[in-house]
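Student: Sequence:
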Amino acid sequence: MNSIKKLVASFEPFYLPPLEAEKAQSLDDKVHKDPEQEAPETLETTESTESNEPVASKQPPAPSFLRQLWSLILFLPQNLIIRPLMLLWLLITFPFTYFFEQEYPQILSNNSPTSQEEQREKIELLKQERIMANHIKSPSSLSKYFIPPPPRLFPLSRNPDKRKKKKVLILDLDETLIHSLSRGAPRSLGGSGGQCHMIELKVNNVSTLYYVYKRPYCDYFLKELSKWFELQIFTASVQEYADPIIDWLEMDLIDYKKVQGAQRDPPSKVFTKRYYRNDCTYRQGVGYIKDLSKFFPKDDDLKNVIILDNSPVSYALHEHNAVMIEGWINDQSDRDLVNLLPMLYSLSMCIDVRFILGMRSGEKLFESL
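Counting with UniProt numbering, you get residues 1 to 369 for the letters of the sequence shown.
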């Protein structure tokens with residue numbers, strides 16, 4: 001109750017004239033004084049009032065209009081703006097201060113002299129390690145103390161002669177390297193240089209003649225790739241159809257190497273392995289899928305394997321190992337094989353092909369690894 005009285009009394013100077021405010025203040029002080037001093041003080045006040053009555057009558061009238069206006073101007077912003085804002089701020093910040101005050105003893109305990117000494121010791125050890133790293137170790141070793149280095153996409157050595165083992169490049173056959181027709185083909189289907197090869201396929205004692213055409217720059221493409229990769233063929237065709245075509249591609253490439261004299265003993269085979277339809281995984285309603293995990297069971301082996309195919313269904317299980325190429329039928333101005341050579345050359349030197357080819361899928365790459 002005393003606090004309420006004091007609060008009410010604090011507003012009286014804004015409503016009463018100065019003399020009445022002083023009287024009210026003196027009366028309020030008398031109420032709060034000790035009872036022993038009340039009696040003499042009352043006598044003194046009565047005497048003073050009696051003696052001051054004629055003096056008060058002689059004093060000037062109430063304060064001027066400007067003073068009242070000034071007090072009113074100060075009253076309005078203080079009570080209508082400042083105090084409500086302070087109350088609102090108190091209501092907003094009270095929950096935070098309440099919870100922070102509960103955690104404050106823990107913070108004080110952490111700032112004890114022992115914990116500060118431990119922190120100083122750790123800082124000194126780090127400084128010593130940094131000094132050792134600067135004077136004894138290489139500058140790059142300094143980062144090992146703070147952030148581990150990211151995995152390299154390419155080895156430190158760019159010299160291809162120092163690479164021990166080539167990466168594996170698996171090539172599709174139909175509509176990727178060649179195109180074949182079971183009937184007489186128009187002249188416009190001639191491949192690079194107008195090369196055409198005929199093969200006879202017997203199925204259930206029925207012979208069928210196929211006209212096979214190479215894609216433009218096919219020979220040059222295979223010749224360059226044989227320097228960088230271990231080449232393999234994976235086709236969804238049957239073996240009786242694929243083997244004669246693969247032999248034809250190999251013979252042309254081997255004959256070219258013999259003529260050029262690039263190697264004293266040219267290899268008898270360009271494609272180290274061949275996979276056919278019976279090596280694919282068939283799914284109803286989808287088609288034949290080329291599952292590389294059958295031939296590369298270790299996940300670490302797939303980092304050195306690339307598959308080049310024109311059908312997304314074929315490499316559906318290994319999108320991060322696949323290089324897409326448009327299917328070819330009869331376009332003589334096609335240059336897709338040549339355009340892929342720079343990228344394939346870069347992939348032949350990287351550490352993990354999945355880190356490069358997987359960038360097409362963005363964040364999904366990091367979710368799958």
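Treat the hints loosely; a few may be bogus.
Claimed, not checked - With beta-carbon atoms standing in for the labels, derived distance ranges:
id	residue 1	residue 2	range
1	Met198	Tyr282	41 to 51 Å
2	Ser182	Gln332	48 to 58 Å
3	Met86	Leu126	45 to 55 Å
4	Lys273	Ser333	28 to 38 Å
5	Glu124	Leu80	37 to 47 Å
6	Tyr345	Thr272	14 to 24 Å
7	Lys273	Met359	23 to 33 Å
8	Thr208	Tyr282	19 to 29 Å
9	Tyr220	Met198	18 to 28 Å
10	Val206	Ser333	48 to 58 Å
11	Leu90	Ile123	37 to 47 Å
Because the hints were derived from the structure by calculation, they are not lab data.
Nothing here was measured: the structure is a model prediction, and the numbers come from that model.
No residue lacks a Cβ here, since even glycine has one placed at the ideal position from N, Cα and C.
Student: Honestly, which of those hints from before does the structure not fit?
Tutor: 1, 2, 5 and 10
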